[in-house]
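Based on these hints, arrange chain B on the given structure of chain A.
Chains as they are written, first to last, in this note's numbering: chain A, 1 to 274; chain B, 1 to 303.
Think of the hints as simulated: they come from the structure by calculation, not from any bench. From the three backbone atoms N, C-alpha and C, an ideal C-beta is built for every residue, glycine too. Take the hints with a grain of salt, since some may be wrong.
[Unchecked claim] Label pairs and their in silico Cβ distance ranges: (1) M160(B) x E30(A): 34 to 44 Å; (2) M262(A) x A267(B): 55 to 65 Å; (3) S192(B) x R22(A): 35 to 45 Å; (4) E98(B) x A61(A): 24 to 34 Å.
[Said to hold, decoys possible] Just some of the chain A residues that point at chain B, by a computed CB distance under 7 Å: (5) V84; (6) Q88; (7) T141; (8) E142; (9) Q143; (10) D145; (11) A146; (12) A151; (13) V152.
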Amino acid sequence: MSDGGDAGGGGGPPTDSRGLARRIFAPAEEAIEELGILVQMAMRTLAWTFRRPFRVKVFVAQLEFVGVQSLFLVGLVGLFTGMVFAIQTVYGFRRFSAENLMGGVVALSLSREMAPVLTAIMVAARAGSGMAAALGNMRATEQIDALETMAVSPIQYLVVPRVLAGVIMVPVLALFFFGVGIGGAYLVGVVWLRLDPGFFFDRIQALMDKSDLVQGLVKSLVFGYAVTLISCRHGFYAKGGAEGVGLATTRAVVWSVVGVFMLDYVITALLTTV
Amino acid sequence: MTVATDTAVEVTKSGPSHSVSPPVDTPVVVDALVKRYGDKLVLDGITLHIERAETVVVIGGSGAGKSTLVRHLIGLERPTAGRILVEGIDIASLSDYEMSKLRRKFGMVFQRYALFDSMSVFDNVAFPLREQTKLGERAIRERVMTKLKELRVEHAAARMPSEISGGMSKRVGIARALVMEPEILIYDEPTSGLDPVTSRTVDELIEEMRETFGITSIVITHDMTSAFDIADRVAMLVRGRIAVEGPPEAVLLSEHEDVRQFVIASAVDPTRLEKRSKRKSPGELRAAFAESRKGKEKSTVES
Chain A
1 MSDGGDAGGG
11 GGPPTDSRGL
21 ARRIFAPAEE
31 AIEELGILVQ
41 MAMRTLAWTF
51 RRPFRVKVFV
61 AQLEFVGVQS
71 LFLVGLVGLF
81 TGMVFAIQTV
91 YGFRRFSAEN
101 LMGGVVALSL
111 SREMAPVLTA
121 IMVAARAGSG
131 MAAALGNMRA
141 TEQIDALETM
151 AVSPIQYLVV
161 PRVLAGVIMV
171 PVLALFFFGV
181 GIGGAYLVGV
191 VWLRLDPGFF
201 FDRIQALMDK
211 SDLVQGLVKS
221 LVFGYAVTLI
231 SCRHGFYAKG
241 GAEGVGLATT
251 RAVVWSVVGV
261 FMLDYVITAL
271 LTTV
Chain B
1 MTVATDTAVE
11 VTKSGPSHSV
21 SPPVDTPVVV
31 DALVKRYGDK
41 LVLDGITLHI
51 ERAETVVVIG
61 GSGAGKSTLV
71 RHLIGLERPT
81 AGRILVEGID
91 IASLSDYEMS
101 KLRRKFGMVF
111 QRYALFDSMS
121 VFDNVAFPLR
131 EQTKLGERAI
141 RERVMTKLKE
151 LRVEHAAARM
161 PSEISGGMSK
171 RVGIARALVM
181 EPEILIYDEP
191 TSGLDPVTSR
201 TVDELIEEMR
211 ETFGITSIVI
221 THDMTSAFDI
231 ADRVAMLVRG
241 RIAVEGPPEA
251 VLLSEHEDVR
261 QFVIASAVDP
271 TRLEKRSKRK
281 SPGELRAAFA
291 ESRKGKEKST
301 VES
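If we strip away everything but chain B, and leave its shape as in the complex, we get:
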């Protein structure tokens, strides 16, 4: 399976996915991933390469294995077979300590926000900084408030998670994921349970993160409108396998029966794709953020 963003790959129902050497700038590689729970096969040989500064949207119906895939990416589950490589490192071979260090590269926005309900919004966002850095309270306050302002929820800093709306909780969840300035951001069903207007706002936010920080994003969703608005590449999961992979147009043109049914049922407006012409490509973003990334890597090595 190739990974060029303008190439659609249709995977036959019976044909297994083959692992291929990833291109150079590919921070996440899923290689022939298999996951079983007892007798139940949930992921059946998933192979997916995610390039830097790219937004890959994994779509699929309920029970297709999307959330299981995402839990593997961040090391919350161990594969039955296959590998997950992050920056070339097989995460299954890592100790707890090494895994926790690697997790700093990731930020995760959970489906149900996963805000700590015993802490205020401010403390939620400050939590990873207090846990993983030696920053003083003043510096933490500054960074947290900056992130809350960027996500336009600074007015809710003192409130408890139970006192804010779903849309605001999602923004706080994103702020908490971003405050450590991760290189890879994973969104698990970012628009589920939200009204259509808030859903589109969240999509805009994901786009903003990509354009502003050059973040590599992996978005798990069953919302086709989201997929059309934010994806550089879409991978559709059907019964634990990738049925189609490529730019959003590829999903529209797919002849795979399950994919066609999904597209028809989602009633997505194909003209949305026309608005995407103004988007910067992952290649352009990579070039734009290459310098700042080098600087960041250098400072990490020095520290």
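Bound conformation, chain A alone:
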């Protein structure tokens, strides 16, 4: 039974100040609501992580999905990123005859920024979208409800293994990205542009610190958590049929990428003394 329909009594004119205020503050209200849902899901995920039964089989499958299946893509992006950075650095630094610093500069930027950020973006695009689509489809076809009616927590069965896999595999992939990126820089700098290989490795050792790698790993761990949690959130609460699943997938990728950049700034500001 409809209870009065839309608030304000049917297509109210702009003179309706309450309606206008509601429209102006709607995006902020939505953002707060969204944050609330995400925090609630994070808490439930945390609580279910330590409860039995542990879903080892599903977890291993997700490690394979997030990690192994992303390896080639992450490697490819890492290789080309390293190669491009090498060319740009040599081009720029040659102006003041400092091209031999290239190895160290590329290593520094890869470890602190490029490896964790680009790896997280690749995981969001490949695994995050897949997670949102899979969970969204399970929601649309009542499979999530079915789990609940069989006394199985869908958060524990579906979300926890995915988030854990993200937290573990994104740092591993970022390390792989870093290694392949350095390889790409070596190919361009040493093999193609004939820079001295001794200088290349010496500059890496001289310029890079343990803290650079640690910052990269901390970032990729947080990004892994954020990307998988955001992707699961959008899939888990997807509404509508095929269209809803499509929308959830798009939102998962977009908000994961935005989240990665926002968190990147926060972590960089916290861990870097300028």
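Same frame as chain A, but now just chain B:
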């Protein structure tokens, strides 16, 4: 509102439903249930008592609130007001753990089957046993294959849900719901999207479950033919309220405008009701299954 199966109750459009103490053997009681989503009132004071071994069919058009009602029965939604009592327990007061224990009394057959598409038919049916019991793989295999045979889909055990037809998926969904031997089985639109022949086969299956296992069934549908074939009692939902409740004949004789329109539009054959004379009444089934139920309850207490 009384619940005697041979009594039709017509509810006026404006009059609220009143909650009444349920009779003794009433596993499910819906008491003045109200559900709102924001401004939208979806269920407006539903009161319904479901007796043991009875098949209650809830009919109504799209958007009448049928699926919302069924989601409340199994605790997937929380009421805005009112209560759902299962075996006398208000399910809103239960913790997650207690709710999951109570859910073992229920089996649910979903509108779109809800089979896990990453698992084979066998694994789908075995899933609740692996999750909720400590049975070994051999015992699970035996129970699953028995259920699949009963539902005549044992040949599809190794196939994936995407490789079987809608009718077969429905049977697998029923097998999965039955494998835990629930006391109450809820069917959400069991015949929607099926051809008429398969629809009648599903109806026969629901009847078979009732006669063979004495299961209490709640069927949500907009298929009047189904309602006439399988219902001990019909409750018709109109705009979130029960417009008429009673045996199928009551729906035919109803003078409620919306009910009349629904009956005319569904073009159901009233002579179908004559075939029902051979059916056992819920009372007869209760008497027949009383002993086995006592035994089951005893073994549950002991375990």
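- Item | Ascending list of hint numbers which this structure does not respect | As far as the earlier hints go, 5 and 6 are violated by this structure, in ascending order.
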